[in-house]
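Going line by line, the protein sequences match chains A and B. Residue 118 in the working numbering sits at position 110 of the first sequence, and the numbers go up by one each step. Residue 21 in the working numbering sits at position 13 of the second sequence, and the numbers go up by one each step.
A couple of the hints might just be wrong.
Identical chains blur together in the list; that is why a pair holds if it fits in one copy or across any two.
Unchecked claim - Calculated pairs, DSS-like style, for lysine-lysine (alpha carbon to alpha carbon, straight line, at most 27 Å):
(1) Lys152 <-> Lys189
(2) Lys38 <-> Lys115
(3) Lys166 <-> Lys101
(4) Lys38 <-> Lys152
(5) Lys101 <-> Lys152
(6) Lys115 <-> Lys152
Please keep in mind that the hints were generated in silico from the structure rather than gathered at the bench.
2 protein chains.
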Amino acid sequence: MSEAATPAEHLDNSVRDRLLQAAVDLFAEKGYAATSVREIVAAAGVTKPVLYYYFQSKEGIYLEIMTRASNDLQANLEAISDRASSVWERLLKLADTTYNAYSENIKTMKIMHAMMFGPPQGAPFVDFNAVYWAFHQAVEAMVKEGMHNGEMLPGDPKNVTWVLMGTVHLAMEMALCQPEKALDRQGLREVLEVNHRAFWARGLANQRENRNDD
Amino acid sequence: MSEAATPAEHLDNSVRDRLLQAAVDLFAEKGYAATSVREIVAAAGVTKPVLYYYFQSKEGIYLEIMTRASNDLQANLEAISDRASSVWERLLKLADTTYNAYSENIKTMKIMHAMMFGPPQGAPFVDFNAVYWAFHQAVEAMVKEGMHNGEMLPGDPKNVTWVLMGTVHLAMEMALCQPEKALDRQGLREVLEVNHRAFWARGLANQRENRNDD
DNA sequence: GTCTATAAACTGATAGAC
DNA sequence: GTCTATCAGTTTATAGAC
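Using the sequences provided together with the hints, build the complete structure.
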């Protein structure tokens, strides 16, 4: 546990990291409960006592994976805090960095997603809910700001936030769970542009031009 | 298996249905892999051979639960097919019947959702994906119809469908997974109204009136 | 650190009596 | 139909040699 935090924070090909990688692959593919310690150590090319030496238990290796992932996601929220750019630009940036975090780390995100929106499968509790809700509330704060400074059209910030979150959430979920049907980065951007035309002040103006309004 | 389809299709308090109910509760609460046959029969107040007598295996009882659920969901899509009412009314009706199907049967829907968007947990494959995608495509067909007949504003039907599906999907998912944070039926309707104002022809007119446009 | 060998409990499933 | 008793295989986890 002492050498847990390698300088770059991620995988070299030490035995320890090969175990982590194998566990991520299997938990993502089959689920926590359906994955046995035997399978993890086989995939890592070691024997059982090695896993217990580094991680104490099956729960231990799971918790290390999820703690890292949770911290990574939390870091993304910082994209919102700098008020230099417009709400719209910050929203795009948040969607983009989140999309990156997901697509670069699909398997870990699949595990997290399964625990956030599925049954616990006997795994120890980790409060992902808090991370997700922080995300939702950060977006809501942005929407309030945008409506207040006139960048966005007036409306109920809560409801508009639900629509925006729904868009991003569905895109992320499809990318995780049905990649062949999912939006790519460009597709997500296009759908967000639809939201932009609907809820932003300049967006509505554009939309009306397009309609050649009366 | 012969007496599977009771007249009303659902639970009396026969031993068989008590087993089904116990299995639904446990699969929803802990997940398929983390639930043992022993727990199911204990919750139903019977012994193991009884479960194997009625359902042949753990997979058997799971498959019966999921087959019923899948059929129920598929039936909801019929709300779309009658072209008597407007696209908007049909969309509202679909959202409402789906919300009902979910909230009346939360535990079964949780299992289905976990299998649709989470790891298989060693459970036998059921093609929920097809049901979900049929839903998505039915909405897309409605949006195309609405844009074509002038009920909705012009735009890319695919992208608008993603926004609408995102709204409904997030509402359903929160209702399943974080009920205390979720939208109630009225809340879902309000968020859909936001979509209405954004993407429907009369909706935009209303929005512009509200803004007291220049 | 990594191994072989094994413990102790639990798993899905069944035989056979009633 | 429902039970008791039990099977064979798997599970997480560990003791102890190297």
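Up to 27 Å CA-CA - Lys152 versus Lys101, copy category: So Lys101 and Lys152 pass the 27 Å test inside one copy only (18 Å; across, 30 Å).
Homo-oligomer pair classification [Lys115, Lys38; C-alpha up to 27 Å]: both (11 Å within a copy, 21 Å between copies)
27 Å Cα threshold - placement of Lys189 relative to Lys152: Between copies only: 19 Å across chains, 33 Å inside a chain, cut-off 27 Å.
Identical-chain pair category, Lys38 with Lys152, by Cα at 27 Å: neither (41 Å within a copy, 38 Å between copies)
Homomeric proximity label, Lys115 with Lys152: Cα distance no greater than 27 Å: Neither way: Lys115 and Lys152 sit 34 Å apart in one copy and 35 Å across, limit 27 Å.
Intra/inter-copy verdict for Lys166 and Lys101 if alpha-carbon distance must be at most 27 Å: both (21 Å within a copy, 23 Å between copies)
Going through the hint list in order, the structure does not satisfy hints 4 and 6.
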